[in-house]
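4 protein chains.
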Amino acid sequence: MPFSPANPDFAAVVRGSFATQGLMQLIGATMERVEPGAVDIALPYRDDLTQQHAFLHGAVTTAIADSAAGYAALSLMPAGSEVLSIEFKINLLRPATGPRFIAEGRVVKAGKTITVSRADVFGYSDDKPIQIATLLATMISQAG
Amino acid sequence: MPFSPANPDFAAVVRGSFATQGLMQLIGATMERVEPGAVDIALPYRDDLTQQHAFLHGAVTTAIADSAAGYAALSLMPAGSEVLSIEFKINLLRPATGPRFIAEGRVVKAGKTITVSRADVFGYSDDKPIQIATLLATMISQAG
Amino acid sequence: MPFSPANPDFAAVVRGSFATQGLMQLIGATMERVEPGAVDIALPYRDDLTQQHAFLHGAVTTAIADSAAGYAALSLMPAGSEVLSIEFKINLLRPATGPRFIAEGRVVKAGKTITVSRADVFGYSDDKPIQIATLLATMISQAG
Amino acid sequence: MPFSPANPDFAAVVRGSFATQGLMQLIGATMERVEPGAVDIALPYRDDLTQQHAFLHGAVTTAIADSAAGYAALSLMPAGSEVLSIEFKINLLRPATGPRFIAEGRVVKAGKTITVSRADVFGYSDDKPIQIATLLATMISQAG
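Residue numbers (the working numbering), protein chains in the order written: chain A, 2 to 145; chain B, 2 to 145; chain C, 2 to 145; chain D, 2 to 145.
This is chain A alone, in the form it adopts within the complex (with noise of 0.2 Å):
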């Protein structure tokens, strides 16, 4: 996709807001790649992170989907811009076993308010992933 960034420090503000999301350090979480209109978000498995059937719980799976969208719509903002989550869907397609999960947050349109970017997370067993939710995402885009 080719987008060009509002504000030429787009990765430094996109790391350094997720860097105070106790969420996500809660979790275990990591930012990876950050390029205009895309975020991609690692998370190792962990025994607390589950739902009843020991796989990761959805919620968790929907935290990093989430995050990956929302920075990837913050990366194409104006500096001083903050990036909030208005609503988002999203469809848990597979049991999500790891142990390891990429979230690919990449934007489908940018605008001067509202911001549509969509998630698809996958997990990797052995370098093979398989895809086990994709999320589609509103974003509103606020003055920091």
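Since the hints were derived computationally from the structure, they do not count as laboratory data.
If you're wondering where the values come from, they're calculated on a predicted model, not measured in any experiment.
Any given hint could be a false lead.
What the hints assert, rightly or not - Over the 10 Å line for every Cβ pair with chain A, so calculated as not near, a few chain B residues:
(1) PRO6
(2) ALA7
(3) ASP121
(4) PRO130
Stated by the list, open to error - DSSO-like, lysine-lysine: derived pairs with alpha carbons at most 30 Å apart:
(5) B:LYS113 x D:LYS113
(6) C:LYS113 x B:LYS129
(7) B:LYS113 x D:LYS129
(8) B:LYS110 x D:LYS129
(9) B:LYS113 x D:LYS110
(10) D:LYS113 x A:LYS129
(11) B:LYS129 x C:LYS110
(12) D:LYS110 x A:LYS110
(13) A:LYS113 x D:LYS113
(14) B:LYS113 x C:LYS129
(15) C:LYS113 x A:LYS113
(16) B:LYS110 x C:LYS129
(17) A:LYS113 x C:LYS110
Claimed, not checked - Across the chosen pairs, the derived CB separations fall in these ranges:
(18) A:GLN143 x B:GLN143: 25 to 33 Å
(19) B:ASP10 x A:GLY29: 34 to 42 Å
(20) D:PRO96 x B:ARG95: 39 to 47 Å
(21) C:PRO130 x D:THR98: 37 to 45 Å
(22) D:THR114 x A:TYR125: 21 to 29 Å
(23) D:THR114 x A:LYS129: 44 to 52 Å
(24) D:THR21 x B:THR114: 34 to 42 Å
(25) D:ALA7 x B:ASP49: 45 to 53 Å
(26) D:THR31 x A:ALA7: 36 to 44 Å
(27) B:ASP49 x D:TYR125: 47 to 55 Å
(28) C:ASP127 x A:GLY112: 44 to 52 Å
Cβ atoms here follow ideal geometry from the backbone N, Cα and C, with glycine treated the same way.
Starting from the known structure of chain A, fit chains B, C and D onto it as the hints suggest.
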């Protein structure tokens, strides 16, 4: 809503399943009301459950909303059933301040295979509820 | 819900906008109740509004639900505003038989820019309503 | 996407079902590409398919997107199956001008009971596509 449970032990089933969710323990959520088609989940605010502005992270709001909606669905299923979220959409309505949150899960339409549930999440300060989110979900029943 | 309208002429604005929608005329929808934050739209069954099993097509159910939710939002906006659907999700709960349908649009949270609305759609046979769908939508206000 | 059809006559089944939808005839939609897991539906602009600003009504955009996503799902189902939309979410990205629209339905994950599909809708003016909407849907297979 006049739902009658298919399993007379529905409350024990629902509470037993909730107790095995590592994530609910990690974030400190507790199950409150359990009635046929209606389950409430409570959560106190905590510093490590936040997004970048120190509000409750949308993914945590989502976690208790999805769980409340899913267990409301499970409360109406036959003995031996398990519930999985196929998908959900959530609108985050206001900044989530707290210091206490309740997610009220309610069944909209119960079916043999598919159950549709919703959940409204409220922040409580001085006993006055303010709605912070609403979720609409599709659940599937699986033999245990 | 205790909403007070920003524009005393809200009902005329809502009915006037509805009257200009080619699609609503094409399918034979009519606007019934218009109150602050609450708009109902009615539709009679017709053979050319069907899917492959002769039930009302889900897209027609969606059309009246989205319109009811959008006009409920518009009813609370200042004079000169226009409303656009940013996005919505709908769950189709049961086969839509009729012969008459009502979509009840209700505002969940009204904001300066963003309004969240829902709509429940009921089929009527012999005055007994059966819920056939529920929609959750995000609307944006624009200066006219 | 490397999908193989369960029914060798999938294209005839999909086209036959489409032909019985009264609504698709009413709005003038035609089925174009039909491949395993991929169905495109085309629609010319018409004055009676509009919202209040003379753009294509979001519900019409939704109609072709939902149909394309549903028939993409049906293309992978065994002989004798029928497809129903359980739910979908659509983001309306830009005003729908046209004069011609194409909805591209694609299967994300095919399952025995549940299939998840998406559809992207493009407006065409002088052969240059502009994306006007994206839909994410959950379909269920039923014995015919």
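Review point. LYS113 of chain B and LYS110 of chain D: Cα distance at most 30 Å?
Key: Given pair LYS113 of chain B, LYS110 of chain D holds - Cα atoms ~22 Å apart, limit 30 Å.
Point to revise | Beta-carbon spacing of THR114 of chain D to TYR125 of chain A - inside the hinted bounds 21 to 29 Å or not | key: Roughly 27 Å apart at Cβ, these two residues keep to the hinted range, so it holds.
Point to revise | LYS113 of chain C paired with LYS113 of chain A [C-alpha distance capped at 30 Å] | key: Judged against 30 Å, a Cα distance of about 16 Å means the pair holds.
Exercise for review: Determine whether the Cβ-Cβ distance between PRO130 of chain C and THR98 of chain D falls within the hinted range of 37 to 45 Å.
Suggested key: 38 Å, holds
Review point. Okay, THR31 of chain D versus ALA7 of chain A on CB: inside 36 to 44 Å?
Key: 41 Å, holds
Point to revise | Straight-line alpha-carbon gap LYS113 of chain D to LYS129 of chain A, limit 30 Å | key: This hinted pair holds, its Cα atoms lying about 23 Å apart.
Review point. Cβ-Cβ distance between ASP127 of chain C and GLY112 of chain A: within 44 to 52 Å?
Key: Since ASP127 of chain C and GLY112 of chain A have Cβ atoms about 47 Å apart, the given range 44 to 52 Å holds.
Point to revise | Hint check for GLY29 of chain A and ASP10 of chain B - Cβ pair distance inside 34 to 42 Å | key: With a Cβ separation near 36 Å, ASP10 of chain B and GLY29 of chain A satisfy 34 to 42 Å, so the hint holds.
Review point. Does the Cβ pair GLN143 of chain A, GLN143 of chain B satisfy 25 to 33 Å?
Key: 41 Å, violated
Practice item. For the pair we were handed, LYS110 of chain B and LYS129 of chain D, check the Cα-Cα distance against 30 Å. Key: 43 Å, violated
**Study point:** Restraint status (C-alpha distance of LYS110 of chain B to LYS129 of chain C at most 30 Å)
**Key:** 17 Å, holds
Review point. Can the restraint linking LYS129 of chain B and LYS110 of chain C be considered satisfied, given a maximum Cα separation of 30 Å?
Key: Status holds; Cα separation ~17 Å.
Checked against the numbered hints given earlier, the structure breaks hints 7, 8, 13, 18, 20, 23 and 24 and satisfies all the rest.
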